[in-house]
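Work out the full structure, taking the sequences as your base and the hints as a guide.
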Amino acid sequence: MNAAEAPVFGDADWNQYRARVAAALTDVEADMQQRGYGLSREGLTLEVAGRLSLGVATREDFQVLEALVKALRPLAREAVRATREDHGGQFALLLL
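Our numbering puts the sequence shown at residues 34 to 129.
Simulated from the structure, these hints should not be mistaken for laboratory data.
Even for Gly, the Cβ is constructed at its ideal location relative to N, Cα and C.
Hints may be right or wrong, so weigh each one.
[Stated by the list, open to error] Per label pair, the in silico range of CB-to-CB distance:
1) 117 with 72: 14 to 22 Å
2) 43 with 118: 21 to 29 Å
3) 45 with 117: 16 to 24 Å
4) 83 with 104: 16 to 24 Å
5) 47 with 115: 35 to 43 Å
6) 93 with 118: 32 to 40 Å
7) 93 with 43: 27 to 35 Å
8) 90 with 118: 34 to 42 Å
9) 90 with 115: 16 to 24 Å
Quick look at the structure:
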């Protein structure tokens, strides 16, 4: 499936799709923090697309997914921070 064909707000499966993107984004954020790397929003978008097997073959595909990544990134960072705090800095996330 290409990102432009993914569910949008109002679709019956929107919440499930958004949760999958958020989980993948959280995994990417955790992985990058553990490795001491940083990714731009474009890099995060492509990494999330790869982990979810979403096609980003066109500019529209990329823009749709990038907008969702931009909106969810603060939530992903907070989830990583909370997990690290809950586990005293020692935790492992299963990466997709």
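Do the hints match the structure? See the list:
Between residue 117 and residue 72 the Cβ separation comes to about 18 Å, which falls inside the hinted range of 14 to 22 Å. Distance hint check for residue 43 and residue 118: the Cβ-Cβ separation is about 35 Å, which falls outside the suggested range of 21 to 29 Å. Taking 16 to 24 Å as the suggested C-beta distance range, the pair residue 45 and residue 117 does not conform, at roughly 34 Å. For the pair residue 83 and residue 104, the supplied restraint of 16 to 24 Å holds, since their beta-carbon distance comes to about 19 Å.
Between residue 47 and residue 115 the beta carbon distance is about 24 Å. The supplied range of 35 to 43 Å is therefore violated. Residue 93 and residue 118 have their C-beta atoms about 38 Å apart, which keeps the hinted 32 to 40 Å range intact. One distance hint, 27 to 35 Å for the beta-carbon pair residue 93 and residue 43, is violated here, with the actual separation near 19 Å. The given range of 34 to 42 Å is respected by residue 90 and residue 118, whose C-beta atoms sit roughly 39 Å from each other.
At about 35 Å, the CB distance of residue 90 to residue 115 disagrees with the hint of 16 to 24 Å.
Of the numbered hints listed earlier, those contradicted by the structure are 2, 3, 5, 7, 9.
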